[in-house]
Amino acid sequence: MTIKTKIINKCFSFSNMPSYKLIYFPITALGEPIRFLFSYAGIEFVDERIDLNDWPKIKPNIPFGKAVLEVDGKTIDQSVAVGRYLAKQCGLAGKNDWESLTIDATVDTIHDLRATMPFGKVPMLEVDGKKIDQSVAIFAITWRSNVVLPAKTIGSLWKSMRPLTPYTIYVPVNIARFHYESNEQAKEEKLKAAKETVPYYLERLDAQVKKNGGYFVGSTLTLADLTFVALLDYLNHMMKEDIVEKYENLKQLQKKVEELPAIKSWIEKRPPTIYPN
Numbered sequence: 001m002t003i004k005t006k007i008i009n010k011c012f013s014f015s016n017m018p019s020y021k022l023i024y025f026p027i028t029a030l031g032e033p034i035r036f037l038f039s040y041a042g043i044e045f046v047d048e049r050i051d052l053n054d055w056p057k058i059k060p061n062i063p064f065g066k067a068v069l070e071v072d073g074k075t076i077d078q079s080v081a082v083g084r085y086l087a088k089q090c091g092l093a094g095k096n097d098w099e100s101l102t103i104d105a106t107v108d109t110i111h112d113l114r115a116t117m118p119f120g121k122v123p124m125l126e127v128d129g130k131k132i133d134q135s136v137a138i139f140a141i142t143w144r145s146n147v148v149l150p151a152k153t154i155g156s157l158w159k160s161m162r163p164l165t166p167y168t169i170y171v172p173v174n175i176a177r178f179h180y181e182s183n184e185q186a187k188e189e190k191l192k193a194a195k196e197t198v199p200y201y202l203e204r205l206d207a208q209v210k211k212n213g214g215y216f217v218g219s220t221l222t223l224a225d226l227t228f229v230a231l232l233d234y235l236n237h238m239m240k241e242d243i244v245e246k247y248e249n250l251k252q253l254q255k256k257v258e259e260l261p262a263i264k265s266w267i268e269k270r271p272p273t274i275y276p277n
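One point on numbering: in full-length UniProt numbering, the residue at position 69 of the sequence shown is 69, and numbering is uninterrupted.
Simulated from the structure, these hints should not be mistaken for lab results.
Where hints are given, some of them may not hold.
Label-pair ranges, simulated between beta-carbon atoms [claimed, not checked]:
hint	residue 1	residue 2	range
1	I58	T220	34 to 42 angstroms
2	S219	I58	41 to 49 angstroms
3	V71	G91	13 to 21 angstroms
4	N96	G214	45 to 53 angstroms
5	E259	E203	21 to 29 angstroms
6	E248	G91	22 to 30 angstroms
List time: in silico DSSO-like cross-link candidates among lysine-lysine, alpha-carbon distance up to 27 angstroms [to be verified]:
hint	residue 1	residue 2
7	K210	K195
8	K246	K210
9	K21	K269
10	K21	K66
11	K195	K240
12	K269	K211
13	K240	K255
No residue lacks a Cβ here, since even glycine has one placed at the ideal position from N, Cα and C.
Let the sequences and hints guide you as you build the complete structure.
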């Protein structure tokens with residue numbers, strides 16, 4: 001299924017507007033934050049939805065076997081990277097380097113929630129007394145700011161730090177993995193483990209929103225807010241419950257984002273998601 005959206009654009013003049021095509025599955029999940037960004041920013045895009053039955057035939061012809069974004073005919077994968085690219089184009093990536101770092105770390109944490117991995121993590125970066133985790137975001141901002149180490153040193157330090165990052169410290173209880181588990185006993189055990197872990201995230205994310213005036217970063221709408229709310233449909237489906245029901249600040253954030261005129265319009269007109277069993 002291919003859908004074209006056309007609304008008032010907030011990011012580009014008509015003379016330099018790129019041509020966008022999002023190629024993803026007919027579900028919300030990882031494609032939805034990108035669709036939210038396009039919709040909020042008023043960027044026209046082709047929403048090409050791949051039939052799940054056709055994916056095995058299409059996958060070998062796509063870089064790294066993943067759903068992609070086409071920009072003026074050039075392809076790129078990695079949905080989180082695409083989100084950050086679009087956020088920078090449209091002023092949703094923070095007003096300074098620290099906000100940008102915090103947004104990146106929050107988005108990474110939201111995706112950790114998606115995989116239900118705890119985020120009491122090392123390494124931790126402290127800048128002027130402010131602390132941030134998420135090693136990938138730390139290395140990205142260090143590279144961009146060019147204030148600590150040259151590239152060669154950063155590369156060698158990353159090699160030595162990599163085994164200490166949370167990706168190897170914790171074993172994820174992947175939400176999708178338990179949802180599609182065929183063994184009912186194993187499925188129940190994985191669901192129980194996920195339900196014990198998810199509140200750990202939501203409590204801290206809820207507190208972050210409360211601390212920042214109703215948003216994740218800088219008391220204003222950013223990529224982090226759109227990412228979180230866009231993923232809720234998928235997370236609620238996988239967890240079989242409204243995961244923010246008990247978290248007032250996250251509930252209010254969801255309401256604010258979903259009532260934005262452009263987001264509300266997108267939600268009303270987007271094709272219904274029918275998740276595979």
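Each hint tested on the structure:
1. I58 / T220: 34 to 42 angstroms: holds, 39 angstroms
2. S219 / I58: 41 to 49 angstroms: holds, 43 angstroms
3. V71 / G91: 13 to 21 angstroms: Holds: the Cβ-Cβ distance is about 19 angstroms, inside 13 to 21 angstroms.
4. N96 / G214: 45 to 53 angstroms: violated, 20 angstroms
5. E259 / E203: 21 to 29 angstroms: Since the Cβ atoms of E259 and E203 sit about 25 angstroms apart, the hinted range of 21 to 29 angstroms holds.
6. E248 / G91: 22 to 30 angstroms: holds, 28 angstroms
7. K210 / K195: holds, 23 angstroms
8. K246 / K210: Given pair K246, K210 holds - Cα atoms ~14 angstroms apart, limit 27 angstroms.
9. K21 / K269: holds, 18 angstroms
10. K21 / K66: holds, 14 angstroms
11. K195 / K240: With a Cα-Cα distance of about 10 angstroms, the restraint between K195 and K240 holds, given a limit of 27 angstroms.
12. K269 / K211: Not OK: K269 and K211 at ~34 angstroms, beyond 27 angstroms, violated.
13. K240 / K255: holds, 20 angstroms
The structure fails hints 4 and 12 (numbered hints given earlier, in ascending order).
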